Amino acid sequence: MIRLIRIGDWLVILLAMVFVGFLFAETGHAGGARQVLIRKGGEIFAEVSLFKDRKIDVPGPLGVSLVVISGGAARVAKDPGPRQYCVRQGWLRNEGDAAICLPNQVSVELLGGNKRYDSLNY
Amino acid sequence: MIRSTIEIFATRDDHHVSRMAALAIGLSFVDAAIPLPVPGIKPGFANIVVLIVLARYGLRTAIWVSLLRVLAGSLLFGAFLSPGFFLSLCGALCSLAALFLASALPERFFGAVSRSIIAAFAHISGQLMLAYFWLIPHVGLFSLAPFFAAAALLFGTVNGLVAAHFLECEKVEAVPQVPIQ
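So the protein sequences, as listed, match chains P and G. Per our numbering, the first sequence runs over residues 1 to 122. Per our numbering, the second sequence runs over residues 1 to 181.
If you're looking for bench data, these hints aren't it; they were derived computationally from the structure. Keep in mind it's a predicted model, so treat the numbers as computed, not measured. One or more hints might be untrue.
Stated by the list, open to error - Here are some of the chain P residues that sit facing chain G, going by a computed Cβ distance under 8 Å:
1) R6
2) G8
3) I13
4) M17
5) F24
What the hints assert, rightly or not - Sample of chain G residues facing chain P (criterion: CB under 7 Å; computed from the structure):
6) I117
7) G140
8) P146
9) A164
For each residue, glycine too, the CB sits at the ideal point set by N, CA and C.
Make a model of the complete structure from these sequences and hints.
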């Protein structure tokens, strides 16, 4: 078994391990998210920085959804919708993360430096 | 039976390539039969054949076997021209390019295991890039990268060891090499 692996092979295995470790460490906190985009009924309600803590009330047809931005993450803290999917989504941290409260027509999305796609179909 | 008016002359080399490709296709069925928790992660046993062919007959034959495997395999799976086919093709092409570059490494120190790992990493990089630029242009895709890389390391090493084992057996038994035209 050991005979099958040459010196250079060990080197390659080691380098590959370092690379895998680097990837795991890097993708953990790499997000690139900077802005929070809040939509109401398909229209942009607010676009604010992710790094300024605040609470935003977003009125929708069912009531008020509460969006909380804190410590570089955003979440929907309260929503009048019946199934609470967007609330259970929890904290959004990475670029492209989104929580959508469909019944109340409110969505929260994190944006990075460049504009991303709204939806994809293939 | 009526004799065909079209005759295709297959050289011994052609027969050999198709035999090896058939082996590789058989192994890709083994791949498909093994359930793995994360979609997109496969052991890639077919690459064992490619590695052995590369070591014994050179890059040209390995390219033939690898691309035939992708093409004929996709036809058998019913995936020809599907996104999966292009991902597979892109991965195979990147692997072959990496194997070409890796052929510069001294044989004395770098064996089949090195080549297998290098090819596996090239494979997932190519697939991720194609998936990102063509199918899912969303940064979230790259959060899968560490898992793909870990799988590439694991299966690359395993496949490389298997290939190295077969190549080693050959050397010990000193099987007379069949001359290829």
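Right, here's what the structure says about each hint:
no. : hint : verdict
1   : R6   : holds (5 Å)
2   : G8   : holds (3 Å)
3   : I13  : holds (6 Å)
4   : M17  : holds (7 Å)
5   : F24  : holds (4 Å)
6   : I117 : holds (5 Å)
7   : G140 : holds (5 Å)
8   : P146 : holds (4 Å)
9   : A164 : holds (4 Å)
In this structure, none of the earlier numbered hints is contradicted; all agree with it.
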